[in-house]
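Residue numbering for the sequence shown follows this note's numbering, beginning at 66 and increasing consecutively.
One thing to keep in mind: the hints can contain errors.
Unchecked claim - Below, simulated SDA-like cross-link-like pairs (lysine to any residue); rule was C-alpha separation at most 20 Å, straight line:
{"no.": "1", "residue 1": "85", "residue 2": "101"}
{"no.": "2", "residue 1": "125", "residue 2": "141"}
{"no.": "3", "residue 1": "175", "residue 2": "186"}
{"no.": "4", "residue 1": "90", "residue 2": "100"}
As the list claims (entries may be wrong) - Taking CB as the label site, the calculated pair distances span:
{"no.": "5", "residue 1": "199", "residue 2": "162", "range": "52 to 58 Å"}
{"no.": "6", "residue 1": "121", "residue 2": "161", "range": "44 to 50 Å"}
{"no.": "7", "residue 1": "188", "residue 2": "160", "range": "51 to 57 Å"}
{"no.": "8", "residue 1": "145", "residue 2": "118", "range": "36 to 42 Å"}
{"no.": "9", "residue 1": "127", "residue 2": "97", "range": "40 to 46 Å"}
{"no.": "10", "residue 1": "123", "residue 2": "147", "range": "33 to 39 Å"}
{"no.": "11", "residue 1": "113", "residue 2": "91", "range": "28 to 34 Å"}
{"no.": "12", "residue 1": "156", "residue 2": "133", "range": "32 to 38 Å"}
{"no.": "13", "residue 1": "161", "residue 2": "181", "range": "37 to 43 Å"}
{"no.": "14", "residue 1": "112", "residue 2": "152", "range": "56 to 62 Å"}
{"no.": "15", "residue 1": "100", "residue 2": "121", "range": "28 to 34 Å"}
No wet-lab data here; the hints were simulated from the structure. Glycine included, every Cβ here is placed at the ideal spot set by N, Cα and C.
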Amino acid sequence: MQHYNYKVLLRSVIGIQVVKLIRSKSQIQAQIITQQTKQHVELDFGALVDQRLNQRDIQKETSLKSKQQEEQLRAEVKQQFSVIQQMQTENENLKESVLVKDRLILNLQKQLQKQKDENEAELKEMREMVLEMQQEISALNEQME
Numbered sequence: 066m067q068h069y070n071y072k073v074l075l076r077s078v079i080g081i082q083v084v085k086l087i088r089s090k091s092q093i094q095a096q097i098i099t100q101q102t103k104q105h106v107e108l109d110f111g112a113l114v115d116q117r118l119n120q121r122d123i124q125k126e127t128s129l130k131s132k133q134q135e136e137q138l139r140a141e142v143k144q145q146f147s148v149i150q151q152m153q154t155e156n157e158n159l160k161e162s163v164l165v166k167d168r169l170i171l172n173l174q175k176q177l178q179k180q181k182d183e184n185e186a187e188l189k190e191m192r193e194m195v196l197e198m199q200q201e202i203s204a205l206n207e208q209m210e
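Turn these sequences into a full structure, and let the hints guide you.
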């Protein structure tokens with residue numbers, strides 16, 4: 066009987082040890098799961114922080130590029146505006162030049178018309194003089210005959 070009690074006692078000690086092992090195994094597994102979860106959370110948090118930092122860097126870079134492009138566009142617009150102003154000035158100068166040339170042309174046309182009228186008047190006078198001379202010559206010829 067003692068042998069039987071010893072076996073029972075041994076079994077209960079072994080059972081208690083098994084229960085302790087199972088509990089410690091469960092605790093170890095729980096610790097492992099907790100540690101893994103912690104690591105995943107830390108990794109996820111680290112990745113999230115890295116992602117946010119990368120996004121911030123990208124936003125800064127994009128903002129910088131955007132500002133540079135804006136400055137470049139402003140410089141181009143200023144340059145184009147100055148070119149347009151220069152072209153407008155040249156256009157106004159050309160208009161004034163055309164007006165001056167038009168006035169000169171009108172003055173020359175008036176002078177030419179005046180000269181033409183004077184020449185026609187002189188030609189008319191000369192023709193009249195030639196006719197008078199021809200008439201005088203004819204009259205002299207008739208008298209000589």
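A quick look at each hint next to the structure:
A C-alpha spacing of about 24 Å is found between residue 85 and residue 101, which places the hinted pair above 20 Å, so the restraint is violated. A C-alpha spacing of about 24 Å is found between residue 125 and residue 141, which places the hinted pair above 20 Å, so the restraint is violated. With a C-alpha separation of about 16 Å, the suggested pairing of residue 175 with residue 186 holds against the 20 Å cut-off. In summary, the hint linking residue 90 to residue 100 is supported, as the alpha carbons are separated by about 15 Å, within the 20 Å threshold.
Restraint check, residue 199 to residue 162: a C-beta distance of roughly 53 Å satisfies the suggested window 52 to 58 Å. As the Cβ distance of residue 121 to residue 161 is approximately 59 Å, the hint placing it in 44 to 50 Å is violated. About 41 Å separates the C-beta atoms of residue 188 and residue 160, a value inconsistent with the hinted range of 51 to 57 Å. The hinted range of 36 to 42 Å is satisfied by residue 145 and residue 118, whose Cβ atoms lie roughly 40 Å apart.
The hinted range of 40 to 46 Å is satisfied by residue 127 and residue 97, whose Cβ atoms lie roughly 43 Å apart. Between residue 123 and residue 147 the Cβ separation comes to about 36 Å, which falls inside the hinted range of 33 to 39 Å. At roughly 32 Å, the beta carbons of residue 113 and residue 91 sit within the given window of 28 to 34 Å. A C-beta distance of roughly 34 Å is found between residue 156 and residue 133, which places it inside the suggested range of 32 to 38 Å.
Between residue 161 and residue 181 the CB atoms are about 30 Å apart, so this pair departs from the stated range of 37 to 43 Å. Between residue 112 and residue 152 the CB atoms are about 58 Å apart, so this pair conforms to the stated range of 56 to 62 Å. Roughly 31 Å separates the CB atoms of residue 100 and residue 121, a value that falls within the hinted 28 to 34 Å.
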